[in-house]
Amino acid sequence: MSDTTLRTVTVQLDGTDIEVAEGTTLLDACRSQDIDTPTLCYSDVLHPVNACRVCVVEVEGSRPLVPACSRAAEDGMVVATDTERVRHSRKMVLEFLASSVDLSYAAEEVHGWMDRYQVDSGRYGPPAPPDGDRDERKAHAGHHGAVDGFTAETVAQPAKIDNALYMRDYSRCITCYKCVEACGEDAQNTFALTVAGRGFDAGVSTEYDFALGDSACVFCGNCISVCPTGAIMFRSEYELREAGLWDEDRQEVTRTVCSFCGVGCNLDLHVQDNRIVKVTSPQDHDVTRGHLCIKGRFGYDYVQQLPDPMTTPIDEVLAAARRST
Amino acid sequence: MDLRFSDAEPTPDERVAVDAVLGPPASSWLGATDRTAADTRTAHTGRRVRDRRDELLPAFDAVQSAVGWISEGALMYICRHLSVPPAEAYGVATFYALLSVTEQPPRVLHVCDDVGCRGFGANELIADLEQWVGPEDEPVDGAMWLRSPCLGQCDRAPACYAQLAGTDDTTLVRAGVDDATAVLAGADVPPESVAIPQQGDDGLRLLRRVGVVDPTDLDAYRADGGYTALRRAVELGPEGVLRELTDANLRGRGGAAFPASVKWKAVANAPRRPKYLICNADESEPGTFKDRVLMEGDPFAIIESMTIAGFAIGAEQAYFYIRGEYPLATTRMRHAIDQARRRGFLGTDVMGTGFAFDIELRRGQGAYICGEETALMNSIEGYRGEPRNKPPFPTVAGLFGQPTVINNVETLINVLAIVRDGGQAFAAIGTTDSTGTRLFCLSGAVVRPGVYEVDSGTTLRELIILAGGDVDAITAVLLGGAAGAFVTADQLDLPLSFEDAREAGLGLGSGVVMVFGPDADVADAARRIARFFRDESCGQCVPCRVGTVRVEEALDRYLSNGHDDGDRTLIDEIDRVMKDASICGLGHTAGTAIRSALDKGLLGDPT
Ligand SMILES: Cc1cc2nc3c(=O)[nH]c(=O)nc-3n(C[C@H](O)[C@H](O)[C@H](O)COP(=O)(O)O)c2cc1C
Ligand code: SF4
Ligand code: SF4
Ligand code: SF4
Ligand code: FES
Ligand code: FES
Numbered sequence: 001m002s003d004t005t006l007r008t009v010t011v012q013l014d015g016t017d018i019e020v021a022e023g024t025t026l027l028d029a030c031r032s033q034d035i036d037t038p039t040l041c042y043s044d045v046l047h048p049v050n051a052c053r054v055c056v057v058e059v060e061g062s063r064p065l066v067p068a069c070s071r072a073a074e075d076g077m078v079v080a081t082d083t084e085r086v087r088h089s090r091k092m093v094l095e096f097l098a099s100s101v102d103l104s105y106a107a108e109e110v111h112g113w114m115d116r117y118q119v120d121s122g123r124y125g126p127p128a129p130p131d132g133d134r135d136e137r138k139a140h141a142g143h144h145g146a147v148d149g150f151t152a153e154t155v156a157q158p159a160k161i162d163n164a165l166y167m168r169d170y171s172r173c174i175t176c177y178k179c180v181e182a183c184g185e186d187a188q189n190t191f192a193l194t195v196a197g198r199g200f201d202a203g204v205s206t207e208y209d210f211a212l213g214d215s216a217c218v219f220c221g222n223c224i225s226v227c228p229t230g231a232i233m234f235r236s237e238y239e240l241r242e243a244g245l246w247d248e249d250r251q252e253v254t255r256t257v258c259s260f261c262g263v264g265c266n267l268d269l270h271v272q273d274n275r276i277v278k279v280t281s282p283q284d285h286d287v288t289r290g291h292l293c294i295k296g297r298f299g300y301d302y303v304q305q306l307p308d309p310m311t312t313p314i315d316e317v318l319a320a321a322r323r324s325t
Numbered sequence: 001m002d003l004r005f006s007d008a009e010p011t012p013d014e015r016v017a018v019d020a021v022l023g024p025p026a027s028s029w030l031g032a033t034d035r036t037a038a039d040t041r042t043a044h045t046g047r048r049v050r051d052r053r054d055e056l057l058p059a060f061d062a063v064q065s066a067v068g069w070i071s072e073g074a075l076m077y078i079c080r081h082l083s084v085p086p087a088e089a090y091g092v093a094t095f096y097a098l099l100s101v102t103e104q105p106p107r108v109l110h111v112c113d114d115v116g117c118r119g120f121g122a123n124e125l126i127a128d129l130e131q132w133v134g135p136e137d138e139p140v141d142g143a144m145w146l147r148s149p150c151l152g153q154c155d156r157a158p159a160c161y162a163q164l165a166g167t168d169d170t171t172l173v174r175a176g177v178d179d180a181t182a183v184l185a186g187a188d189v190p191p192e193s194v195a196i197p198q199q200g201d202d203g204l205r206l207l208r209r210v211g212v213v214d215p216t217d218l219d220a221y222r223a224d225g226g227y228t229a230l231r232r233a234v235e236l237g238p239e240g241v242l243r244e245l246t247d248a249n250l251r252g253r254g255g256a257a258f259p260a261s262v263k264w265k266a267v268a269n270a271p272r273r274p275k276y277l278i279c280n281a282d283e284s285e286p287g288t289f290k291d292r293v294l295m296e297g298d299p300f301a302i303i304e305s306m307t308i309a310g311f312a313i314g315a316e317q318a319y320f321y322i323r324g325e326y327p328l329a330t331t332r333m334r335h336a337i338d339q340a341r342r343r344g345f346l347g348t349d350v351m352g353t354g355f356a357f358d359i360e361l362r363r364g365q366g367a368y369i370c371g372e373e374t375a376l377m378n379s380i381e382g383y384r385g386e387p388r389n390k391p392p393f394p395t396v397a398g399l400f401g402q403p404t405v406i407n408n409v410e411t412l413i414n415v416l417a418i419v420r421d422g423g424q425a426f427a428a429i430g431t432t433d434s435t436g437t438r439l440f441c442l443s444g445a446v447v448r449p450g451v452y453e454v455d456s457g458t459t460l461r462e463l464i465i466l467a468g469g470d471v472d473a474i475t476a477v478l479l480g481g482a483a484g485a486f487v488t489a490d491q492l493d494l495p496l497s498f499e500d501a502r503e504a505g506l507g508l509g510s511g512v513v514m515v516f517g518p519d520a521d522v523a524d525a526a527r528r529i530a531r532f533f534r535d536e537s538c539g540q541c542v543p544c545r546v547g548t549v550r551v552e553e554a555l556d557r558y559l560s561n562g563h564d565d566g567d568r569t570l571i572d573e574i575d576r577v578m579k580d581a582s583i584c585g586l587g588h589t590a591g592t593a594i595r596s597a598l599d600k601g602l603l604g605d606p607t
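If you read the sequences in order, they're chains A and B. Going by this note's numbering, the first sequence opens with residue 1, and the numbers climb by one from there. Going by this note's numbering, the second sequence opens with residue 1, and the numbers climb by one from there.
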């Protein structure tokens with residue numbers, strides 16, 4: 001092992017001196033001390049984009065707050081994670097998102113942070129009716145319609161359902177860039193997704209808003225597994241949710257190894273009522289880091305004697321699911 | 001990387017425009033129409049092709065300029081040529097206001113309705129256009145008009161920028177509906193050349209040649225002392241130049257007032273090569289037009305100062321990133337760079353000294369944020385103009401990840417006098433911590449608007465009087481631009497230096513002094529500023545992406561709902577998170593002007 005990996009630095013974290021390996025992020029330093037730090041755009045398996053800013057902490061000598069997820073600890077740094085400034089920024093970031101994005105499918109911990117920082121998204125006014133077509137607005141940077149100060153603008157827009165495997169509902173998108181990264185350099189190297197447009201009108205898109213089948217997408221589903229807000233979802237999960245039949249309490253997660261090739265990816269089969277409703281892979285698995293290909297992700301139908309969701313109208317799939325309940 | 005392209009083909013015009021910039025495609029893999037026998041055996045993709053990613057924006061510019069929009073066929077062709085995923089290219093194209101991914105007529109008139117023009121004829125011009133041409137954004141007979149943020153012509157309001165496919169772009173100043181409709185109908189209206197109120201004055205240092213020496217003639221520049229500073233720099237050597245710059249204590253003029261010598265020394269001492277120099281000529285801060293005046297009026301001086309900078313820091317390649325809405329400045333700079341190259345003042349052996357240095361001009365495409373240094377670098381590299389998180393700073397990892405010095409046009413042009421007369425002589429002018437002279441952009445309620453050069457430390461009052469403003473009839477002054485703050489009549493004795501401004505909790509920014517007279521509508525200006533930041537936010541980080549929207553909404557509520565103190569507090573709270581948690585300076589300053597207007601009671605007292 002080389003010398004550098006052994007070097008450590010000392011930082012003062014909320015008044016306590018701690019020693020961490022050089023290169024450790026402030027987030028990992030916090031985690032080592034069990035200081036719960038909210039994160040939205042950060043993932044252990046992707047490069048940090050430090051865009052959401054919910055993880056900010058106060059570092060002595062720095063005028064702005066710094067993102068814990070991507071800032072490396074430096075020797076002698078004095079860091080505070082629960083000052084009034086930190087709490088204010090975290091609250092406001094969560095409030096901004098909660099007032100403009102549908103967060104109802106976000107993980108429970110997100111709702112926990114919203115409670116902790118006393119988020120009141122209602123104080124910006126009731127949600128504004130959607131202002132035109134957000135895909136069109138993406139294509140026209142630098143111009144927006146007149147504001148109405150009595151309602152709060154949101155990213156509400158119709159869901160995109162353009163293929164049999166998964167759907168995208170960008171009214172739930174916080175523009176965390178995770179799907180773009182997972183589709184691009186950080187995992188899939190397919191580059192089917194981009195952030196298009198600018199400012200509040202920016203959003204995830206394919207080129208010219210192509211349907212996924214016409215884009216470079218290879219349906220690996222890696223974007224689904226990194227999305228923190230349920231904006232990208234298995235069709236099976238989506239349809240069950242829409243029908244009011246999605247019930248995680250009735251689900252069982254079974255770990256297995258993908259049978260399609262010799263790589264040995266771990267699969268977690270989420271099963272409700274004896275039917276596979278989605279497939280994930282554990283993020284801490286050495287081989288997959290949570291990522292799969294189309295076969296492991298969607299090629300599960302042969303294990304269950306249910307109609308093929310690729311070819312069967314969704315009503316029949318739902319009917320079959322109801323029958324098995 | 002698996003690239004997937006749609007079957008859309010470029011039109012012949014699009015193909016010609018792209019090939020003119022990128023060269024003809026080397027094989028059918030990269031978009032050539034004929035598949036040769038060799039193409040069936042070798043593929044020309046991979047790193048060698050992808051390394052040309054930075055040519056993406058120039059290729060878009062070529063297509064936009066030739067045909068007026070970027071069709072799917074054109075985008076796919078460019079992507080094949082450069083091995084860029086179409087989605088990423090689409091993300092880049094949609095970032096810029098001057099690039100259109102939907103069909104647009106060949107003549108688009110961008111009509112400034114920003115703070116400096118709206119009180120000075122823009123509203124009337126827009127009303128006339130609505131009456132005589134039609135509503136905004138509606139094509140009629142191959143033309144349409146759009147509202148635009150400040151076009152850097154605030155001393156000659158109202159201003160328009162005509163983006164014309166297939167022919168040269170132009171600007172209209174003191175524009176009336178007759179000129180506007182003529183341009184929309186296809187008439188040829190050349191841009192009007194620069195004029196400065198102090199033209200020919202003895203004391204001028206930075207503006208001395210503007211309007212006096214022919215800006216298109218290298219010999220005229222040399223006859224007026226041009227290239228003596230570079231000779232002197234070669235005598236001094238890189239270390240000597242750095243020493244003079246340190247003695248001069250020159251601070252950046254682009255907004256942040258950072259000492260230039262610190263950046264230069266950091267890059268000069270960096271062990272990694274290559275190193276780059278960038279001249280930031282993106283000038284888009286509302287109210288700012290000083291760099292345009294320098295580019296139009298004294299382009300060779302900018303080239304000479306960049307050459308000295310390259311010599312001092314050890315950079316052989318420089319980029320000149322110029323705002324897209326500046327057609328005349330672009331023409332002048334391109335011409336001057338060509339002339340200098342042809343005559344051996346740029347190239348592999350500058351003036352026979354053995355030092356290699358060249359400048360590549362890059363046009364911005366309508367994005368204020370690309371003036372932020374790291375956004376500018378991403379823009380040059382062919383990515384969305386999103387600022388990078390710092391550290392690392394550009395001196396460590398800048399353009400293409402290499403050590404980079406980036407300076408504003410005005411900052412660089414000061415280097416000539418510093419090298420020629422010595423740093424100490426330079427430091428003798430101005431104040432202790434704000435040395436030299438400074439350019440200020442006077443606009444609004446003054447008799448002689450324009451760029452003024454005065455010693456640092458001159459008071460705001462003196463400056464406004466110089467421009468013929470009535471200091472007894474001032475409602476407010478927007479100091480430093482939209483990213484600056486409103487000051488009121490009681491602050492007119494503020495000396496315009498970095499340290500005095502800082503002590504007063506202000507900044508001089510890019511030298512904007514926009515004067516609001518007794519009839520001015522500050523509330524209307526505040527609304528426009530809120531709108532500006534929302535339109536120009538890159539959208540990357542939550543505090544700014546959503547915060548700018550919430551400020552605009554809360555301000556609207558405050559102004560139309562009886563000045564509720566709750567809304568004012570909310571604006572303060574939003575401003576705090578933007579200042580504390582945003583990634584870049586845009587978010588940090590987006591609420592400053594509005595808060596200052598509220599604090600000074602310029603928007604009515606809260607209830
Ligand atoms: C939103 C934003 C826009 C900016 N626009 C410009 C600009 O148009 N021109 C400029 O020189 N600097 C601009 N800057 C400042 C640059 O980031 C950078 O500080 C400057 O180019 C450094 O040059 P200087 O040290 O010579 O001033 C901008 C900064 C921000 C945050
Ligand atoms: S499914 Fe895979 S290839 Fe398709 S968009 Fe998502 S990450 Fe990209
Ligand atoms: S779709 Fe999901 S993963 Fe992608 S940017 Fe939006 S919230 Fe993030
Ligand atoms: S502060 Fe605004 S402009 Fe700057 S990175 Fe964040 S969103 Fe982009
Ligand atoms: S989690 Fe750190 S910025 Fe988003
Ligand atoms: S040109 Fe219109 S405000 Fe500057």
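Worth double-checking, as some hints may not be accurate.
Ranges of calculated distance between the beta carbons of each label pair, as one might list FRET restraints [claimed, not checked]: (1) G23/B - D14/A: 32 to 38 angstroms; (2) D51/B - V287/A: 27 to 33 angstroms; (3) P12/B - I314/A: 41 to 47 angstroms; (4) A523/B - E19/A: 37 to 43 angstroms.
DSS-like mimics (lysine-lysine), calculated; alpha carbons at most 30 angstroms apart, straight line [claimed, not checked]: (5) K295/A - K91/A; (6) K91/A - K600/B; (7) K265/B - K390/B; (8) K265/B - K91/A.
Keep in mind the hints are simulated off the structure, nothing from the lab. For clarity, every value in this text was computed on a predicted model and none was experimentally measured. Cβ atoms here follow ideal geometry from the backbone N, Cα and C, with glycine treated the same way.
Could you tell me which of the numbered hints above are not met by this structure, giving the numbers in increasing order? 1, 4, 5, 8
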